[in-house]
Amino acid sequence: MNISFRTDAKYCSDYRSSKILIAFLLAILISLPNSVSAQDSTATAAAAPAGGGDAAKGETIFKNNCAQCHAVTDERVVGPGLKGVSGRHDFAWLSKWVRNSQAVIASGDPYAVKIYNEYSKAQMTSFPNLSDDDIKGIFAYVDQAGTAAPAAATTAAAGGAGASGGDAKGEGPSDLFVLVLAALVVVMVLVLGVLVVIVSLLSKAVNGETVDSSKPDFMTSLGNSLRKISVDPAIRSATIWIFVLLVLKATLDGAFDIGVQQGYAPKQPISFSHKLHAGEYKIDCNYCHTGVNRGKSAHFPSANICMNCHGVIKKESPEIQKIYTSIENNQPIEWVRVHNLPDLAYFNHAQHVNVGGLECQNCHGEVEQMEVIQQRSSLTMGWCIDCHRKTEVNTKDNKYYDKLVQLHATESKEALKVADIGGLECSKCHY
Amino acid sequence: MENTNKRYWRGLEELRNDEKFVKAATSEFGVGPTENQYESLVDGAGTHRRDFLKVLGFGMAAVSLAACETPVKKAIPYINKPEGEFPTIANWYASTYSEGGDYASILVRTREGRPVKIEPNSLSKNSFGISARVHASLLGLYDNEKLKGPKKGEDSKVSWGTVDSEIQSQLTQVAAKGGAIRILSSTILSPSTKAVIADFTAKYPTTSHVVYDANSSSAILKGNELSFGKAVFPSYDFSKAKVIVGIDADFLGTWVSPDTYSAQFAETRRVSSGKEGKKDMSRLYQFESVLSVTGSNADYRTAVKPSQLGLVATALYNKVASKLGGTAISSSSIQIANLDKAAAELIAAKGQALVVCGINDPALQVVINALNSLLLSYGSTINLDKPANFRQGNDVAMNQLIDEIKGGKVSALILYGANPVYDHPRGAELAATLPKIGLSVSFNDRADETSSLLKYICPAPHYLESWNDAEPVSGSYSLTQPAISLIFSTRQAQSSLLKWAGLQSDYHEYVKAYWRKNIFTGGNFDQFWIKSLHDGVYDGTSVAVSAGAAFSGDLNAAVSSISKKYKASSSAIELTLFENVALGNGFAANNPWLQELPEPITKACWDNHACISQKTARELGVAQGDVVKIELKGKSVEVPVIVQPGQANGTVAIAIGFGREKAGKSANGVGKNVYPLAVFSEGFLSFAPGEVTVSKTGATREIAQTQTHSTVMNRKSVLQETVLAHFQKDPLAGRFIPKIHTSEGSVDATDLSLWNGHKYKNHSWGMVIDLNTCFGCGSCVVSCQAENNIAVVGRQEIINSREMHWLRIDRYYSSDADAEDLRGLEIASENPEVTFQPMLCQHCNNAPCETVCPVLATTHSSEGLNQMAYNRCVGTRYCANNCPYKVRRFNWFKYFDNDNFDYNFNNDLGKMVINPDVTVRSRGVIEKCSMCVHRIQDAKLTAKKERRRMVDGDVNVACASSCPTNAIIFGDMNDPESRISKLLEVEREGRAFHMLEEINVRPQIAYLTKIRNKDAVAKAAAEKEHA
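As you go down the protein sequences, you meet chains A and B in turn.
Residue 406 in UniProt numbering sits at position 406 of the first sequence, with consecutive numbering throughout.
Residue 17 in UniProt numbering sits at position 17 of the second sequence, with consecutive numbering throughout.
For the record, the hints were derived by calculation from the structure and aren't laboratory data.
Fair warning: there could be bad hints in the mix.
Interface residues of chain A toward chain B, partial, derived using beta-carbon atoms under 10 angstroms [to be verified]:
#, residue
1, Trp-241
2, Asn-354
3, Tyr-400
Beta-carbon label-pair distances, calculated as ranges [claimed, not checked]:
#, chain 1, residue 1, chain 2, residue 2, range
4, B, Lys-54, A, Gly-382, 30 to 36 angstroms
5, A, Ile-385, B, Asn-144, 38 to 44 angstroms
6, B, Gly-161, A, Pro-110, 46 to 52 angstroms
Yeah, the Cβ is synthetic: ideal placement off N, Cα and C, and Gly gets one too.
Could you build the full structure based on these sequences and the hints that come with them?
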């Protein structure tokens, strides 16, 4: 039970209300809710600018040395974003800066001093070993990636806020929904037709044109019949009902999403990158999440685990400095929990990872690709149950299951699924 | 469907067919509160139209607000994670509970650095199971009303430094002037603490240490000194006794060390239906005034007035002495039922007999010692060479101290673990003089009745935050280690004493040094220390039991004292005070778990009462619930009456431990303090103060009593019992095997079913409860409450029949009289037989609750459990209605964060006791025993992680693990090697029965028939007797 918790109003209003609003808008505006396809994030390779550096080589160097502190966009990470940097400075200045930024500052270069002060006198690591070609390659990559990056960023943000068409689960709308919408469109078109007829008739009347009552033209007769239809109480109430049902359906859909935080990717107190640690450096998840094989919780690593490496590596980075400050002040780092199961649901990491032999990615998605950690699965009960129905029990070399496997083999030819050994029972997860 | 010739009843209300009882029996959820007495929007009983609209409106608003408010949850890791500590994984520490002489060797389960459960330590040879009080002591750790730091007068901001320097300088001054310094404490089991006091005395030589116990056994020490020259409390071994006679000694409930005695006694009561199984039992005779737990488990019980009890001892002695060649003593003759029989059997069981007496009278104890000596009990059932240290109080020394204080002869008083203003009969005298003492210091954890009168309070931490040791029985040691770091700015009493004596004040190091010097026998001390800490206990070299002790007491002096105090008959109404099983002496009364634990016999809680027999009540013209005024020599107390079957006629009994004034919210004003009514007889504390007058005040007070709450719908086969002689002939004796008449003749009830049953491929969790070894102590009830986050509901809700305990112990009265013989029953109600039956969810295979739930909130698992999904429950209560055992509990209120239920769930500190593995239920849902499914899950996972099959003992449920007598056996019935399977294999065609077998719900829980070691009496003879 939570003894205390904090609420972040900003996040709530942005995230939650936007979802519901969108759900309502959908129904009211009757726009077919096909997912707006996000702009393709793979940017087409632009011609290499900046004196023909090798962008591919530059990318490797950039990612290995610079990406920890610099973004290719104008986003400020530790150091300034590098978008358009080759336009701001000539190559000679840039290469001097890269090889030894302190020397440039010491020389009294006004821009260098300004940026040094602006970034609270954080020293940039010097790279005296980089050749001119290397540096050219880096900036070629920066220029190229800088133009492509905004598109990718937009995609991520859209996914994060659940704005990509309003359907956070990423499933298409149900058939019934489309059918009802189509019917409604037809009705609306008819109503529109009636309106047009009325307007034309009225304008004629105003202009003194008499209507030939004996020989009504086609438009008039259509208008008449439409008018009859429009005043028919059955049609009218049907229209109203359909409209009400649609709104109800949209509201319910919205309500089902309450508490589902799929796509939730809050800003963390330290911009820790799983992409870097788990993806590029291939550090085992277990190394930091020490509980994953032992117990219920996977554990957020304690600061001393960070210090195993960061006692030596990149000590001067302002993000790492936050860990130092935390240790010095005896103030733990308050991470924002991304994956939240309700208190009433019991979940055990050890059961799934240690016993079941599942990969972390099964539930957490491609963590090693995530710059900012994001909830990929819906974590709803349906999602759990679905997996328990489909997943075979990892019975290999586990004597616990021997008897169960034997018994199951006598009764069924199918593989032993989690559901077969009580995986769908209430008190598996609720007590 | 009558199974036996007995009629069981749960209270006199039922026997008399009281109107209120009959009404309650037909109303499933009790009678709703009249009017809207809680003044809350919805009182749980009915809803007014306007309230409904208000709730509706509020609900809509709340839902729309909730929709846009998702709290951001933070995850806060350690900065530097301690080695071996893993969040969400429990750590266990061995430790020791020792409060005022009560002792238990325990294991503490901690989660994220906070203790959440106490379990017994199976390595201990001196502690078996743990009592309700030890379980509840956990909640004492999180008591919000303790002092948060030292206090000087009214100044609670004072620092330890100031307090220390002031006290130290005053002590020096007092010592320099030769003024008397007194340390007053209850029994101290810790040898290191005694060494600290010795060190303190060495520094301040005018110090002396006075020990007293609120529930004193001072006379036993004195009696042994007079008889054998050793002022010790012997260790008893009930397991070796064939015949036991108890004289006002409730050794299964409250007397000195009931858990140990219960465990030993249970060994003699366990029988088996197997061909080679044990088929003999000990026999217990009990002579007492109050129907105690021991009395209710006795084979033969006689209700005796307190003024006659002494003569029971002398008469018993004379009867035995005449046969065994002892010197007869002169005493007035007394006609008491069962006395001759008891004497004859004691003689026959010579060498395997035991007589215990709980009366605090040295003369009586001398007679008892002489009796035991004649019976050759010393060396077999009593061991004087390995004395127990549970009671060391000296009534005489305490009275001297009070006189000294009154005479202004004490310059400094240090109070450690004692509260004499509350629990000493002369408390009022002390209260008047204590403020006059120049320097007075208390180590108590709160400003209680005594401490609030002293100059300084230097609060000591709870034992779960402390280092200590204990020597419960001579030569056996155990260690207390902290399971949590200090919660408040407190300091151990020992550290304070050491500091004031100018010594190194680290008590941890002190204990270690003491052990190195006095207990360690050689080898590597660090290893010895680590092992002792890990085990929690260390047994020194065992002392050989000497053949017997030579009795050298002066019987004549004893007899002359006895003849003055006791008389064969008395017509006046006598008062007797007794200890309540839950609260004990009242020291830890501010504990809602204990306050809400129904007393085993009366099944009443949140109050103490005047227990009066039906005959006496009729004579006095009082009825249950009448508030009566009981006057004794100018002192008086007003308490409500409980008409108690089994209470000796012409007596009135009231429990001690209630009526605290400065203990805290849960204890203050609950019941009345009756310690002032106790008296001193020849310097020894007596709980039988003599003749009283009882008068009606005209007021009435409702009694919060649980037994008559749930109806069993007049079904009569709830209990099955027999007597030993019948059982020896036929293991099925007393069993009721219901038959159903069909067109094909009569068939077993279990052969007819609508259902297909369940198949348990993996595990089949079940439980067997032995009614023969369940003595009704209630330890399992509190253990369950602690484990499963069960809410405390308070007095009013108990009256409304809304207690939340998942496990209750039903207490039934019965007699041999025919159910139709109403007069016979009425006679029987004077001294009925008692049966205890723990009742919890039976986890039926054909569960009636499951079929009626409209939302499938309660379903069956593939391991035999009846599951309850709280978040699915919508609160129709159909399941509770359809449950034949009445074990489902409805959350009528939100019991946490609710000022109407201001117990531990209503403050942040109190909530630390919550077991993180179990959901805290909210309002409007049903809950019930889950068979500790979280423990099962955890044990299964452990086995899976170790890639092995589960073995018996991997998991035990909270109730079974805490039972001192192992009356509850839990296990996997699919595992042929498990204890439960082996037991059922033997008992399936013997004592094992399912409750209400005729309705064929097929529970996973079986009971074993109760067997009394009574002589088989032909039914005709019994009828003749009553006719």
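So, going through the hints one by one against the coordinates:
1. Trp-241: Since chain B brings no Cβ nearer than about 23 angstroms to Trp-241 of chain A, farther than 10 angstroms, the hint is violated.
2. Asn-354: Because about 5 angstroms separates Asn-354 of chain A from the closest Cβ in chain B, which is inside the 10 angstroms limit, the hint holds.
3. Tyr-400: holds (5 angstroms)
4. B:Lys-54 with A:Gly-382: 30 to 36 angstroms: holds (35 angstroms)
5. A:Ile-385 with B:Asn-144: 38 to 44 angstroms: holds (42 angstroms)
6. B:Gly-161 with A:Pro-110: 46 to 52 angstroms: violated (58 angstroms)
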